[in-house]
Each structure stands twice: as structure tokens, then as C-alpha cells.
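Throw the hints in and build the complete structure from the sequences for me.
Okay, here's what each chain looks like letter by letter:
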Amino acid sequence: MLTKTPLKLVAIATLTASSGLAMAYEPEGKVECLAPADPGGGWDFTCRSVGKVMEELDLVPRSVQTVNMAGAGGGVAYAHTVSKREGDDQLLVAASTATTTRLAQGQFQGMDAEMVNWIGALGADYGIIAVSDDSEYEDLPALMDALKEDPRSVKFAGGSAKGGWDHLKVLIAAQAADVENLPRIAYLSYNNGGEAMTQVVGGHVDAFTGDISEAQGFMDSGDLRVLAVLSEERLPGEFSDIPTAREQGIDALGPNWRGFYMPAGISDEAEAYWTEAVNTVYDSEEWQEVMTQNGLMPFQMSGSEFDEFVKNQIDDIEALSKDIGLIE
Amino acid sequence: METLGYLIDGFGVALAPHNLMFGLLGAFLGTLIGALPGLGPANGVAILIPLAFTLGLQPDTAMIMLTAVYAGAMYGGRISSILLNIPGDEPAMMTCLDGYPMAKKGKAAEALAISAVASFIGSLVATIGLILLAPLLADFALTFGPAEYFALFLLAFATLGGITGKNPMKTVVAAAIGLMIATVGIDSTGVQRYTFGVLELYEGVDFIIAIVGLFAISELLFFIENRAGGGGEKMAVNKLTISWKDIREILPSSFRGGVLGFVAGVLPGAGASLGSFIGYTLEKRVVGKKGYFGQGDPRGVAGPEAGNNGASSGALVPMLTLGVPGSGTTAVLLALLISLNITPGPLMFTQNADIVWGVIAALLIGNFLLLVLNIPLVGIFVKLLSVPPMYLLPIVTMIAFVGIYSISNTTFDLYFMVAFGVAGYVLRKLEIPLVPIILGLLLGPEMEKNLRHALDISDGDWSILWNSGLAIGLWVFAGIGLILPYIVGPILRRRMQSQLAQSGDTSND
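Each protein sequence line maps, in turn, to chains C and Z. Using this note's numbering, the first residue of the first sequence is number 1, and each one after it goes up by one. Using this note's numbering, the first residue of the second sequence is number 1, and each one after it goes up by one.
Don't take each hint at face value.
Claimed, not checked - Straight-line distance between alpha carbons at most 27 Å, and here's what the computed DSS-like set of lysine-lysine pairs gives: (1) Z/Lys429 x Z/Lys170; (2) Z/Lys449 x C/Lys322; (3) C/Lys30 x C/Lys52; (4) Z/Lys289 x Z/Lys429; (5) Z/Lys290 x Z/Lys170; (6) Z/Lys104 x Z/Lys290; (7) C/Lys155 x Z/Lys284; (8) C/Lys162 x C/Lys311; (9) C/Lys162 x Z/Lys284.
The hints are simulated quantities; they were obtained by calculation from the structure and are not laboratory data.
Next up, the structure:
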């Protein structure tokens with residue numbers, strides 16, 4: 001067993017390490033994956049499913065142990081990683097756009113994105129804007145025109161808190177469509193996307209903002225009409241009928257990526273190892289199958305490219321949040 | 001027909017070996033807890049919630065186990081009523097009236113068997129009612145907008161008096177405490193309220209921790225105070241000699257009790273005590289002079305037992321379909337659902353169909369299990385009741401600590417739980433009821449959110465709150481629910497007391 005793992009790693013290294021870094025680091029013993037929420041949510045899923053594929057691909061010596069640490073929307077786990085785990089190169093922490101949103105809005109008191117190592121993302125859920133089937137709005141421009149005339153005329157329901165990612169997606173789209181007076185747009189926050197959709201389908205709220213994976217049930221039943229998906233290109237498979245916002249002339253993107261960060265103070269070798277590991281997972285058949293089964297869409301980024309992406313996303317969200325008066 | 005398909009799927013879930021096993025375990029523990037005097041079903045479920053987390057159960061298994069505990073507690077309540085004349089919980093009070101006299105006549109085993117059969121029939125009738133009514137209500141729930149939900153939550157609070165009722169002011173105080181605790185955390189606009197810069201408080205107070213602290217830990221403190229290590233009174237049961245004729249005689253009473261109990265359970269606030277009370281009085285009226293109520297009439301055991309078990313299933317209807325608990329125990333079950341990341345309400349019937357229907361199927365299966373457990377094995381429960389609590393409570397405490405710790409792996413939660421336990425002890429000493437606190441904690445954020453949403457939709461116009469027929473109807477009901485207990489409650493309570501006093505006299509003859 002012990003000899004098998006390094007051999008595989010050498011193979012991976014020679015195949016994929018174009019930077020020419022020597023793989024001096026390899027994990028030993030227990031690898032931990034910190035899910036900053038209770039079992040059952042998205043972060044928990046990221047840890048458990050990626051951990052499983054890493055075991056199958058022999059990227060870790062034994063197993064990846066998922067540890068749940070809920071609190072403050074990921075803030076407790078972030079604080080733990082920053083203050084107690086510096087230099088721990090066997091710890092992965094699950095993250096998503098919810099993490100960057102909270103960082104951008106200063107909700108992790110006294111902490112910022114520089115205090116951890118951003119490793120990579122392996123898949124995303126894309127934002128959508130949808131209405132009930134009997135709505136008067138036929139496409140995204142029609143909806144945005146109504147908002148331009150009166151920002152209170154369309155009310156949005158979503159599963160995140162006010163100022164959270166679902167709210168921000170509406171604002172990203174409205175901003176791209178040149179709607180003025182963004183803070184006036186009404187956003188109603190619900191416990192989850194399903195509850196918000198019920199209110200839209202029941203005719204109590206005008207439009208739904210959420211992720212594509214949440215909407216499938218109501219799309220299949222024909223109760224919900226998706227006006228636009230906030231991705232660069234049309235999504236594969238059964239979602240290929242849904243137009244993007246871009247092709248309707250509104251340049252709005254809303255990927256909710258899933259990925260990892262690690263503590264600060266780890267060696268370059270360790271960082272390179274885990275970056276490569278995330279890439280290997282993404283390219284594997286096992287992971288592609290997990291993505292199809294769970295409605296995850298293609299989205300891959302790692303290393304410095306990912307680090308830059310995260311920091312840009314935080315800047316964008318910060319600017320937007322200031323615009324709507326959510327933060328000062 | 002669609003319902004039948006779902007139900008069959010539900011049986012698939014409930015009959016999976018591990019679910020069946022935990023269902024049986026829950027039924028057993030529930031009966032035991034129900035039988036311990038003073039430990040009601042709400043406490044019982046609260047105490048066993050950590051067990052679900054300790055064992056790391058899946059949501060469906062956890063729900064099945066605790067629903068079985070709930071059903072079992074209703075069965076168990078009758079054991080000490082009949083044998084000791086001490087009701088295991090409030091709903092079992094009416095069972096004392098004829099159950100204890102039966103036991104004094106040397107017919108304890110018959111009384112236990114009859115009450116088990118009646119419990120079974122009451123539960124069965126009500127579970128069928130639940131199966132028929134719940135999907136209808138769930139469809140209907142689509143018409144609930146924020147204004148209607150707000151009115152519905154008000155209705156739930158207004159009928160609180162009916163649940164706990166002795167001192168209305170203390171109920172109000174308790175609900176207000178719950179609502180106040182519910183405001184802690186980041187609100188929906190991102191403003192921090194009462195977090196004092198403590199990260200752990202950002203997401204508010206976890207109600208599971210509050211519930212386990214308030215109920216289980218305070219129970220422990222009470223025990224330490226009483227130092228009641230001696231164990232219960234010795235109880236003896238004669239050999240069972242029951243004929244098919246005896247059972248046939250109580251069938252009509254059981255059916256009537258079950259139906260009445262179900263209706264009482266569905267109405268928010270009414271709950272199981274009312275179910276057993278009207279079950280008993282109806283029996284008395286229907287049977288009339290031919291009966292010998294108060295002196296050990298089997299029908300006086302069957303009616304209220306069927307009534308309280310019917311009510312317990314009925315109370316699940318509003319909890320599952322609307323997310324508004326119909327009783328204290330369903331409030332605790334609701335908290336469990338929410339902490340398992342499942343939002344009760346109309347959506348649950350489609351999004352978590354396996355869990356809802358699994359639980360309903362488990363309720364049906366659980367009833368058969370309970371019947372089997374309660375007739376031949378009743379002797380075991382009687383023996384276990386004599387186990388001194390000094391052995392039971394440390395186990396309960398251990399489970400509580402391990403369970404709470406395993407939810408999010410922080411010691412902060414443990415300190416918090418102990419603090420709630422001490423608070424629960426003080427509140428119980430002051431005779432402030434705990435259930436309204438839990439309801440305030442659970443429903444407060446939802447009520448606030450729906451009020452905000454309603455005003456968002458109407459652009460600040462308050463009249464949206466009574467703009468639909470449905471909303472007006474709910475307001476009217478809330479008004480009635482608020483006033484009625486103060487008129488009817490004392491009368492009802494006086495009657496219950498006089499019934500008890502009467503039967504006390506006759507049994508002393």
C-alpha cells in the first residue's frame with residue numbers, strides 16, 4: 001500500500017505538472033476536510049464527494065475525514081482556519097460564492113481573503129431568473145424594462161439572506177441592463193430556494209432568483225418559466241433550451257462555484273500538490289459522474305488563476321454592496 | 001390514488017431494516033418515557049433528540065425514530081395512570097378515572113390490554129385521517145402568501161393559552177421570552193442583533209440546544225434536588241384473562257374516541273388533553289346509565305385512551321403541512337425537522353416525499369409494533385418503572401452531551417445547553433411553562449420574516465395583512481382562540497377536577 005501511492009503521484013506529477021515543480025510534498029496520515037455548515041448542505045456535499053473521489057484516485061494516503069463546523073455562515077470555520085490552523089497542510093476547507101459574498105461584505109469580522117490560501121474550484125451551479133408560468137414577462141429584457149420604469153414593479157424571491165448571493169444575482173443582472181436605483185428593487189429572502197419558488201408559483205411574488213439545480217422540479221412540472229441563466233454559454237443537456245442573459249443582450253454572469261481554501265503559511269510544495277490534486281479530481285471520470293448526478297455545471301479553476309478570480313469576485317460584490325447601501 | 005403510491009413508497013422507506021429497527025427502539029423508549037410519571041411526551045422527545053445526533057442518523061431514520069417515541073409516549077402514559085393512579089402525562093389523566101379502579105379490582109392486566117387496544121384503534125383512525133387530510137392541506141397551502149402566514153402564526157400564538165393554560169400571564173411571559181431569544185443573530189437585512197461580537201451567536205440560538213437544555217438538563221437538576229433515588233412504588237400485574245368479547249365491547253368507544261381525538265388534534269392549540277377529555281365525556285353521555293363510569297368501566301378506559309392517541313396523530317397534520325405545530329410535542333418535532341435542514345410545509349410533501357411518507361408509514365407500522373410491545377410485554381415496562389432514576393438520568397445526561405456536541409463539534413454549544421438547563425430549572429420553579437418559549441423561539445423568526453415580506457410586497461401598506469378572505473378568516477380564528485380558553489377553559493378544568501374528585505371518592509369507598 002505504502003509504495004503504491006507515491007508511484008501514482010509520480011505518474012500524476014509527470015503527466016500534469018507543467019510548471020516543473022518537484023513533488024517534494026505528499027500528505028501523510030489523516031487529511032481533514034472542514035465543512036463550515038451542518039451535514040446536508042452544499043459545503044458538506046463538497047467535502048464528502050471530493051474526499052471520496054480523492055480516496056478512489058489514491059491522492060490521499062488513507063481517507064479524507066469530513067468535519068462539520070457550522071456557525072456565522074462559515075465565519076466560525078474561517079476564524080478557526082485563520083487563528084488555529086496556520087501551516088496545517090492537511091486541511092481543506094469547503095467554500096463557495098457564499099464565502100466570498102460574506103468576505104466582501106465584511107461579515108467575517110476582522111478577516112479578509114488574504115488570510116487563507118485559495119486552492120481551486122471544481123464545478124458550479126449557475127444563477128437563473130424565473131417567473132411563474134402565467135407571468136406577463138416573456139423574456140429577461142421585458143422584465144428589466146419593467147424595473148427601469150419602476151424598480152418596485154417586480155418583486156424577487158430567493159433563498160439567501162438580503163444582500164446574499166441570490167439577491168446579488170438580481171442586482172448583477174439589473175446593473176448589466178442599466179436599471180437605475182438598484183437599492184429600490186424589492187428582494188424577499190426565504191429559508192431556501194424551494195420555499196421562494198412556491199411563493200412565486202403561488203402568485204404571491206413576481207419573480208424567482210436562485211440556482212439552476214434548485215429549479216428543476218418546478219421546471220419539469222411546467223409551473224416555472226426560466227427567463228435566463230447567468231452563464232457564459234448555454235448549459236449542457238436538458239438545460240440547453242434555456243437562453244443565457246448574454247444572448248438576450250444583458251451581460252450578467254452568476255456562477256456559484258464550489259471549491260476549497262487552505263490555511264495560510266503552508267509550503268509552496270504543499271500548495272502545488274493540492275492544486276494538482278483538485279485538477280486531477282476534476283478531470284477524473286468519477287468526478288464527472290458526481291457532477292452529472294448532482295446537477296453541477298462545468299467550472300474549473302485553480303492556483304493563481306483561482307486566487308485572482310476570488311479576489312475579483314470579492315471586489316465586484318463589495319462595489320455592488322456599497323452601491324445598494326448594504327455596507328458603507 | 002397518487003397518495004396511495006406515495007404511501008407505498010413510504011412503506012418502502014419505513015420497512016428498510018435499519019429504519020424498522022430504530023422505529024422499534026423509538027417505540028420502546030417512548031413507552032418507557034411516557035410511563036415515567038412527570039416526564040411528558042414533549043420532554044421525552046426532547047431528551048431523545050440528542051440520541052439521533054449521537055448515532056449520526058440520516059434524516060428519515062431520525063424522524064422515524066422520534067415519531068415512534070412520540071407515539072410510544074402516548075401509549076406509555078396510561079401504564080402509571082392505571083397502576084398507580086398517577087398519570088404519566090397530562091393527557092393520561094382521564095385514564096386514571098376508570099383505569100385505576102379496574103386495577104384495584106384486580107383487573108390491571110385487562111385495563112392495560114384494553115387501553116393498548118384502544119390506543120391502537122385511536123392512532124389508526126387518526127393516522128388514516130392524517131393520510132387523507134395532509135395532502136389536501138398541502139395543496140391548499142399554495143394559496144398562503146406572507147400575509148396569510150403571518151395571520152396563521154398569530155393564530156398559533158393566540159391558541160397557546162389552550163395548550164398550557166393555567167396562568168395566562170405566565171404563558172404570555174414565556175412566549176415573550178421565546179420571541180426575545182429568537183431575535184438574537186443576524187437579521188434578514190444583515191444587521192446584527194444582540195450578538196455582542198461573538199461569532200457563535202451570528203446565526204442565532206440553535207433551538208435544539210435550547211430544547212435539550214430547557215427540558216432534559218432541567219429535568220436532571222430537578223432530580224438532583226429531589227434526590228429521589230429510591231425508585232417507584234412497587235407495582236404488580238395480574239395474569240391476563242381477556243376474551244374477544246371484552247375487546248368487541250370497547251370497539252365502538254375506541255372508534256368514537258379516535259375520531260374526536262383526531263379533530264381535537266388538528267385544531268391548533270387544543271391538543272391531546274382535550275382529546276382525551278372529550279373522549280371520556282362523550283363515552284359517558286353515549287353509554288349513559290348502563291355504564292358504571294368511575295368504578296372501573298372498560299369503556300371509560302378505552303374512550304380517553306383512543307382520544308389522546310388520536311389527537312397525537314392529528315397534531316401532526318398542521319405541523320407537517322403548514323409548519324405550525326398543533327401541540328407542544330409537535331413543536332419539538334418541528335425543531336428537529338428544521339435542524340435536519342428540512343423545511344416543513346407544503347413543499348415537504350414533494351421535495352422530501354420520502355421522509356413525510358416514510359414517517360406516516362412508520363406511524364402505521366409503529367402502531368402495530370406498539371400493540372405487540374404493549375400487550376405481551378407490558379410486564380417488562382412495569383418492571384423497568386421500578387428502576388431507580390439514579391441509573392436512568394446519568395444515561396440521559398450523557399446522551400444529551402454527546403448528541404449536542406456531535407451536531408457542530410463545539411464546546412460552546414455545551415456551555416450554552418447547560419445555561420439553558422439552569423434557566424429551565426428556574427423557570428419551572430416559577431411555574432412558567434416551557435412550551436411557549438420553544439414556540440416563540442421557533443415561530444418568531446418566521447413570523448417576523450412574513451411580516452417583512454408582506455410589507456415589502458405592498459410597499460409598506462399595512463392593509464395587506466387583512467386583504468384576503470383567507471387572512472380575515474385566520475384573524476377571526478385567532479381572535480376566537482385568544483378569548484375562548486378564558487371562557488371555556490375554567491369550566492372545562494373545573495369539570496375535569498370534579499370528575500377526578502368524584503372518582504377519588506368512589507375508589508376510596
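Hint check results:
With a CA separation close to 12 Å, the supplied pair Z/Lys429 and Z/Lys170 stays within the 27 Å bound. About 24 Å separates the Cα atoms of Z/Lys449 and C/Lys322, which keeps this hinted pair within 27 Å; it holds. A hinted pair counts as satisfied when its Cα atoms are at most 27 Å apart, and C/Lys30 with C/Lys52 qualifies at roughly 14 Å. Between Z/Lys289 and Z/Lys429 the alpha-carbon distance is near 44 Å, which puts this suggested pair outside the 27 Å criterion.
Straight-line distance between C-alpha atoms of Z/Lys290 and Z/Lys170 comes to about 43 Å, which puts the hinted pair past the 27 Å bound. Between Z/Lys104 and Z/Lys290 the alpha-carbon distance is near 21 Å, which keeps this suggested pair within the 27 Å criterion. With a CA separation close to 57 Å, the supplied pair C/Lys155 and Z/Lys284 exceeds the 27 Å bound. Between the alpha carbons of C/Lys162 and C/Lys311 the distance comes to roughly 22 Å, so the proposed pair stays at or under 27 Å and holds.
For the given pair, C/Lys162 sits about 57 Å from Z/Lys284 by alpha-carbon distance, which is inconsistent with the 27 Å threshold.
Figure legend: structure checked against the earlier numbered hints; hints not met, in rising order: 4, 5, 7, 9.
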